[in-house]
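Novice: In case you want the letters, here they are:
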Amino acid sequence: AQSVTQPDIHITVSEGASLELRCNYSYGATPYLFWYVQSPGQGLQLLLKYFSGDTLVQGIKGFEAEFKRSQSSFNLRKPSVHWSDAAEYFCAVGAYNQGGKLIFGQGTELSVKP
Amino acid sequence: SQTIHQWPATLVQPVGSPLSLECTVEGTSNPNLYWYRQAAGRGLQLLFYSVGIGQISSEVPQNLSASRPQDRQFILSSKKLLLSDSGFYLCAWSGGSGGQNTEAFFGQGTRLTVV
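Respectively, the protein sequence lines represent chains E and L.
In terms of the numbering used here, the first sequence is numbered consecutively and its last residue is 114.
In terms of the numbering used here, the second sequence is numbered consecutively and its last residue is 115.
These are calculated hints, taken from the structure and not from any lab test.
Don't take every hint at face value.
Stated by the list, open to error - In silico DSBU-like pairs for lysine-lysine, Cα to Cα no more than 30 Å straight-line:
#1 Lys61/E <-> Lys113/E
#2 Lys61/E <-> Lys101/E
#3 Lys61/E <-> Lys80/L
#4 Lys49/E <-> Lys101/E
#5 Lys68/E <-> Lys101/E
#6 Lys80/L <-> Lys68/E
Turn these sequences into a full structure, and let the hints guide you.
Specialist: Structure, rendered in structure tokens:
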């Protein structure tokens, strides 16, 4: 079955600390991978995406993610977290040329301590 | 530039009442359109998608229906709401105007509470 797993429901980090949010997927075809961020009561904003090529992708707001095919993972990282990064983060997987037909993980809520 | 509008932002409806949520996209033509639902504490689940006027695909059986009366308009409806229909509904679009269908752009969402 196709699925996305985000093992951490809630993570708290101190401002300035590094961050890694985990994402594992199970997908029958070549996966196209995405990370979205959602502020409370808002829609989703795309942070970054991976289709092919360099397995380390850079996104907006200083985020990056690394695709590891052997581990079926696409973890999101940021070297230094800012208080404004507090939000919910969703990993998603889709297929080529089906940009909006996505399977989402359950999300990871990030809290940032001052 | 392309924009997506979704309304209303918040809605409280009694059980058994009808529902109509509207989504429109500007700045592109022939987009793929999607309705997602986000239940409390859960991820997003794709409900419907449309690749053209009058073309609707349902991803999960439910009490809801979708229609696409115009190229850039997508409507989510129900004849009789259930308590379990409560949630956060998000409209999204991708592709369009002959471009690559490589990512989805989401609206701001509608918070539906069925009481």
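Novice: Each hint: holds or not?
Specialist: Hint check results:
1. The hinted pair formed by Lys61/E and Lys113/E meets the criterion: a straight-line CA distance of about 18 Å does not exceed 30 Å.
2. Simply put, Lys61/E and Lys101/E have alpha-carbon atoms about 25 Å apart, close enough for the 30 Å limit, and the pair holds.
3. As the CA atoms of Lys61/E and Lys80/L are separated by approximately 42 Å, the hinted pair breaks the 30 Å bound.
4. A threshold of 30 Å between alpha carbons decides the hint, and for Lys49/E with Lys101/E the separation of about 14 Å falls inside it, so the pair holds.
5. Of the pairs offered as hints, the one joining Lys68/E and Lys101/E holds, with about 22 Å between alpha carbons and a cut-off of 30 Å not exceeded.
6. For the proposed pair Lys80/L and Lys68/E, the alpha carbon gap of about 46 Å is over 30 Å, so the pair is violated.
The structure does not agree with the numbered hints 3 and 6 stated previously, though it agrees with the rest.
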